[in-house]
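Q: So the protein sequences, as listed, match chains A and B.
Residue numbers for the first sequence follow this note's numbering, beginning at 186 and rising by one.
Residue numbers for the second sequence follow this note's numbering, beginning at 58 and rising by one.
Calculated from the structure, these hints are not laboratory results.
As the structure is a computational prediction, the values presented were derived from the model and not from experiment.
Incorrect hints may have been included.
What the hints assert, rightly or not - Simulated crosslink set (PhoX-like; lysine-lysine; CA at most 25 Å straight-line):
1) B:K172 - B:K226
2) B:K226 - A:K360
3) A:K360 - A:K466
4) B:K176 - B:K226
5) B:K226 - B:K332
6) B:K176 - B:K253
7) B:K226 - A:K466
8) B:K332 - A:K204
9) A:K360 - B:K332
10) B:K172 - B:K253
11) A:K308 - A:K384
12) A:K384 - A:K360
Claimed, not checked - Only some residues are given here: those of chain B computed to face chain A with a beta carbon under 10 Å:
13) A103
14) K112
15) A117
16) V152
17) L187
18) P193
19) T205
20) G206
21) K279
22) I286
23) G293
24) L296
Virtual Cβ for every residue (Gly too), placed ideally from N, Cα, C.
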Amino acid sequence: MAKKKEAAYRVPLFDRIFKPETITLPNGHTVSRPRSRTPLIAAILIAVVWASIQLTGFDIGIIIRRGHQFTYILARIFHPNFSYFSKVVGPLLDTIKMSILGSVLGATLALPFAVVASTNINKSALAVSLCRFLLNIIRTLPTLVIAKFAALIFGLGTFAGTVAITVFTFGVVSKMMYEAIETIDMGAFEAMESAGGDKFQSFRTACFPQILPTYLSYCLYSLEMNIRAAAILGYVGAGGLGLLINERIGWRDYEGLGMVLLALFVVVFIIENTSQYLRRKLS
Amino acid sequence: MAKQNKLLTDRPLTIEEAYEARPRLWWVYTLIVLIVASLLTWSGTAVRFGGFATKGIEVAKGVGNGLLHPDTNLLFNLTTEGVPYQLFQTVAIAVLGTLIGGLLAVPFSFLASDKIVPKWVAFITSAVILIIRTIPSLVWALVWIRVTGPNAFCGVVTQSVCSIGMISKMYITAIEDIDVRILESLDASGCTAFQKIRYGILPQIIPNFISTVIYRFDINVKDATTLGIVGAGGIGAALIQCINSSRWSMVGAYLCGMVVLMLFIEFFSTRIRSKLTRGQ
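Kindly generate the complete structure, drawing on both the sequences and the hints.
A: Right under this line is the structure:
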């Protein structure tokens, strides 16, 4: 038994190269202490940072020399032009509408895919890995790129933004959901199946109540993220606040930009607090 | 009320009685459904499907074709134009941005936890963090471009600032979870302040901090791919140019590179983070 255990333990490559230090205890026993990994990790980190500095042209001097430009813009942003508010309301509402609709659609679509992608319910390994592969690819596409494609395909406007948010929410929620589904207690599901329920009935009555609070809380969480994401989608022509942000920066009207950001700030603050309150209630 | 009294007996309930006494929250459900439905109809007003754009079908076909037949020449081209160089630059932006952000977030998070500093200091710092978090990264990039010019360095600065918000939010939770009893016992055994920090505080927060930074690195790599759209370096600039000029096979090459990179980074970051939380 002991031999088997030893065979199962593979000595990490690091410990085979840098032999562990052997310490003799006062009572004559010897113990081995693996060498510290810190120097190796530090060396790798320094190499990576050095390479990154070369690749990005990092130059702290620019910030010191031209920092006043930044404070100039920031100061103007913090003096928002309140008379601009009337123009902000429309796009702001568009942004909120886009993110609500996109979140609901995406989260609804995500549920069946999450069920298919969870190993404890779907026993077909092929279907699980295919579904997960698809979800992974969708998740890696940045929202702005999706929005750009949507704007090219469906024309400029809020519809493209809604599509982008739906796809984004779908990717995120389905990933979080299949991870949640895999941690649920399957006893009730088996009991329902042995009592003669089919797969769908058993899932609805035994699993769904277990995942419902998590699901709702993820939906709210994605709504929080989406409001912020939706605000910039307009930059590629997908409607909402992004259009204004782009326009104000183009005209160097930083007071107007300040107003747009202030409005966004208030909305994000309200929605985040409401959703956090609801999520605390759910858990 | 009378119904409830009838059931509050000492004998165990029969199945029928327990079923009868199940919580009935139908009005809560109706309310929720009503709220969601009204929100949906309200938000539906803004979104009108206006059919496909004139070139919509063509674009969709192009994207599909490009993804299936990526420009392999570009994909394995090792000059500064090629996909590998662009990807490395994107990762480099994320590495530096995350590291600097992670370092900058340390003072912010200590100043924002009311266990350590007075309440009003904590409140002000949290407000600053909230403001940093609300301004979208694209806006930060556009503002910083005035300072640094449109290059990869702008991406680094942008990500350093943007990362502060989320990282310090997670640092704060880690700091507030510190087990103070360990500090007391170190105190009792006569440790100096430095020893208390070294053996009492650092071992408790370092794994959390590193895990947070790696998680943020994941997000930053994804973000860095879009920062290029406004000219802040990385793969986004080349990608958006190719999309605008409808060179779909090149778009396909860039997207393939991005997908592979993201999957690769996500795989390793999840592994390292689970190792950190499980303690080797």
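Q: Looking back at the numbered hints, which does the structure fail to meet, lowest number first?
A: none
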